[in-house]
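Sequence order for the protein chains is A and B. Numbers 1 to 353, taken from my numbering, label the letters of the first sequence in order. Numbers 1 to 286, taken from my numbering, label the letters of the second sequence in order.
Calculated from the structure, these hints are not laboratory results. Keep in mind that the hints are not guaranteed to be accurate.
What the simulated footprint calls covered on chain A by chain B, stretch by stretch (three residues with Cβ under 8 Å from a Cβ of chain B suffice, anywhere in the stretch; the number is not a length) [as the list claims (entries may be wrong)]:
| no. | region |
| --- | --- |
| 1 | 72 to 85 |
| 2 | 106 to 120 |
Stretches of chain B that chain A covers, calculated by requiring three or more beta carbons in the stretch to come under 8 Å of a beta carbon on chain A [unchecked claim]:
| no. | region |
| --- | --- |
| 3 | 91 to 104 |
| 4 | 193 to 201 |
| 5 | 204 to 212 |
If the Cβ cut is set under 10 Å, some of the chain A residues that face chain B in the computed set are [said to hold, decoys possible]:
| no. | residue |
| --- | --- |
| 6 | 14 |
| 7 | 15 |
| 8 | 47 |
| 9 | 51 |
| 10 | 52 |
| 11 | 136 |
| 12 | 137 |
| 13 | 146 |
| 14 | 150 |
| 15 | 213 |
| 16 | 314 |
| 17 | 349 |
C-beta: ideal position from N, C-alpha, C; glycine also.
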Amino acid sequence: MAGVRVANINKHFGAMKALDDVSLDFADGEFFGLLGPSGSGKTTLLRVIAGFLFADSGSVVIGDQPVERVPVEKREIGMVFQNYALFPNMSIADNVGFGLRVRKQSRAEIARNVAQALELVQLGHLGERRPHQLSGGQRQRVALARAIVTQPRVLLLDEPLSALDKALRVDMQIELKRIQREVGITTIFVTHDQEEALTLSDRIGILKDGRLVQTGTPHDMYHAPVNEFAAGFLGEANIFKGAVGASAMTLADGSTIRWADHQQDARPPGAIAVRPESVIVSAKRPDEHPHMNCLKASIRQKIFAGPTVTYLLEWQDQPIKILAKEGEMKDIPDAGDVWINWPAEKSIAIPAG
Amino acid sequence: MSSTLARRDGLRAATMISPAYIWLTVAVFLPLAAMLFFSFLSEAPFGDREWFVTAANYMEFFEKGFYLKLLVRSLTLGLVVTGFCILIGFPCAFVLAKTIKGRWREALFLLVILPFWSNSLVRIFSWAIVLRGNGVIDSVLDLILPFEVSVNLMFSYPAIVIGLVHSYLPYVILTSYLALQAIDDNLIDAARSMGAPRRMILWRIIIPLALPGLIAGAVLIFVPVVGSFMEPRILGGRSGTFFGTVIEDQFVAVFNWPLGAALSFILLGVVLLILAVSSPVLRRAQ
């Protein structure tokens with residue numbers, strides 16, 4: 001097991017810059033989520049770490065070994081592919097044992113290790129089946145068992161859960177986390193699903209246009225995004241912009257909003273973001289309060305989703321999204337003007353520039 | 001009620017299927033039946049020649065070792081040509097399917113199927129020009145090499161094999177290409193991530209998964225090559241006597257249609273037998 005360090009990675013595909021000076025440390029045993037929209041370079045970075053692609057410049061170190069020029073076959077990595085990539089011509093046991101056969105283990109050793117790996121993913125009884133006889137979730141587990149049975153130094157997952165339906169995906173997230181904890185392997189996974197990244201990762205890195213935007217724990221990333229993109233991509237955010245004063249921002253409609261002092265950078269913020277669940281809707285104008293921000297907006301739509309209700313509003317032609325627990329906000333009209341308010345400490349000050 | 005419905009459905013199905021069956025009857029079954037009938041006659045039933053029903057034509061095959069020897073020779077030729085086609089065609093198909101992308105692939109694909117567009121007789125005669133003494137190969141070698149050489153492949157077994165391989169190569173390339181293209185590149189990446197060397201990936205993953213295409217191509221080549229007569233005759237000269245040329249002689253030169261028909265059916269039977277015997281092996285491979 002080992003940590004991974006990539007430094008100053010650049011990668012072009014023709015004229016397109018896929019990775020632009022990316023540097024990242026993955027700690028030993030860490031579960032790291034690479035998050036970004038499609039085309040952000042997250043899969044390219046994973047394939048550079050795996051060794052399928054060689055970077056134009058920059059270094060990749062696994063453990064203490066620089067591997068920039070080491071091909072994938074010699075990197076001792078385990079990888080799980082989006083479509084699982086199980087060998088259809090082999091049984092489940094042979095699939096899992098393939099990497100061990102490459103390593104010239106004896107028949108008995110292979111059988112023992114395969115059984116152990118299948119036991120870990122709770123599929124000990126399915127060794128004789130063929131991949132096409134398994135459900136999506138089972139195939140996913142087989143792919144995982146196959147990737148870790150060779151005791152690789154790093155486990156790489158390329159959108160591992162995106163082919164599963166939602167209910168199964170949540171189960172597999174829990175399962176994946178359990179297995180990763182049990183094996184203790186450094187794991188890097190790529191996803192475009194922010195909820196998945198938040199749930200699974202010890203740390204997250206957000207990529208955009210081949211650049212690393214921000215890294216941090218899910219909690220830090222959610223509560224202190226470094227820019228509008230990070231705020232909007234990890235979770236949802238209502239962004240407000242206006243003339244920034246010493247401790248308040250004056251918006252286009254003349255109202256002012258405040259942020260908590262402890263958040264304040266040395267520089268004034270470039271924008272204020274508010275998470276949909278931080279905002280309260282009220283039919284009447286609430287009493288003035290120095291620590292409450294209050295805006296007049298109009299309701300466009302109310303979406304009932306069982307435990308939660310989403311309100312879509314409009315303020316100064318800007319869409320506003322508010323998320324409430326069912327039954328939490330009463331007497332809200334289905335349309336018309338209302339007041340939206342949130343405490344100053346829920347304002348997220350986004351650094352300028 | 002339900003029985004009338006079923007009857008109407010049956011009628012409709014029959015109407016839909018009947019063109020296929022009529023076509024099969026006219027194009028395949030009737031000529032084959034006529035040939036089968038001929039093969040049991042003593043004389044071709046033309047003009048006012050006397051004929052009677054006999055199994056003598058089939059007996060002749062078994063009585064004269066000559067025919068059996070020729071049959072074995074034709075089957076061997078089929079195996080050799082199929083083997084060369086696979087050896088050359090599979091790597092070509094692999095490069096086409098997995099290495100080359102975009103417009104280059106289309107261009108190369110066109111080159112592969114180009115021979116299909118030319119007349120086979122023209123193809124064979126152009127090979128004759130290339131292979132004969134003082135021909136293209138001979139002249140080019142003479143130009144390059146400092147010493148005098150004389151290469152005359154014409155009218156030899158190698159000439160027949162070259163001509164046949166050239167004619168049938170596209171089949172194995174096309175079928176293998178389709179099978180190879182269906183193999184997910186991620187499978188190869190997955191094997192590489194587990195440290196598998198190239199040779200292991202080829203033998204454990206690519207060839208097993210491409211086997212159905214490879215076998216389809218092999219069957220498409222083997223069956224017509226065993227019965228081939230044009231290439232052996234033109235490129236083989238005196239060494240070009242095979243089962244197919246003997247059958248052709250019966251129809252064209254000797255005018256002994258019943259014997260030709262009997263030999264054809266023996267060939268058909270042997271080929272079907274070979275496919276039947278090997279089919280369990282082939283099915284397991286798939």
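- prompt: Per the coverage rule (Cβ-Cβ under 8 Å, at least three residues), is the region 91 to 104 of chain B covered by chain A?
  reply: violated (count 0)
query: Measuring from the C-beta of residue 137 (chain A) to each C-beta in chain B, is the shortest one below 10 Å?
result: Violated. Min distance 19 Å.
query: Measuring from the C-beta of residue 52 (chain A) to each C-beta in chain B, is the shortest one below 10 Å?
result: holds, 6 Å
query: Counting residues of the region 106 to 120 of chain A with a beta carbon closer than 8 Å to any beta carbon of chain B, are there 3 or more?
result: Violated: only 0 residues of the region 106 to 120 of chain A have a Cβ under 8 Å from chain B.
field: Satisfaction of the residue 15 (chain A) interface hint, Cβ to chain B closer than 10 Å
entry: Violated: closest Cβ of chain B sits about 17 Å from residue 15 (chain A), beyond 10 Å.
message: Using the nearest Cβ pair, does residue 314 (chain A) come within less than 10 Å of chain B?
response: violated, 45 Å
query: Mind checking, does the region 204 to 212 of chain B have 3 or more residues with a CB under 8 Å from chain A?
result: holds (count 4)
- prompt: Should the hint that residue 47 (chain A) touches chain B count as held when the rule is a Cβ pair under 10 Å?
  reply: Nearest chain B Cβ about 9 Å off; hint holds.
query: Taking the closest Cβ pair, is residue 136 (chain A) under 10 Å from chain B?
result: violated, 16 Å
- prompt: Do three or more residues of the region 193 to 201 of chain B come closer than 8 Å to chain A, measuring C-beta to C-beta?
  reply: holds (count 6)
- prompt: Are residue 51 (chain A) and chain B close enough, Cβ to Cβ, to be under 10 Å, as the hint says?
  reply: Holds: closest Cβ of chain B sits about 8 Å from residue 51 (chain A), inside 10 Å.
field: Hint check: 10 Å Cβ-Cβ cutoff, residue 146 (chain A) to chain B
entry: holds, 7 Å
In the structure shown, a violation is registered for the earlier hints numbered 2, 3, 6, 7, 11, 12, 15, 16, 17, in ascending order.
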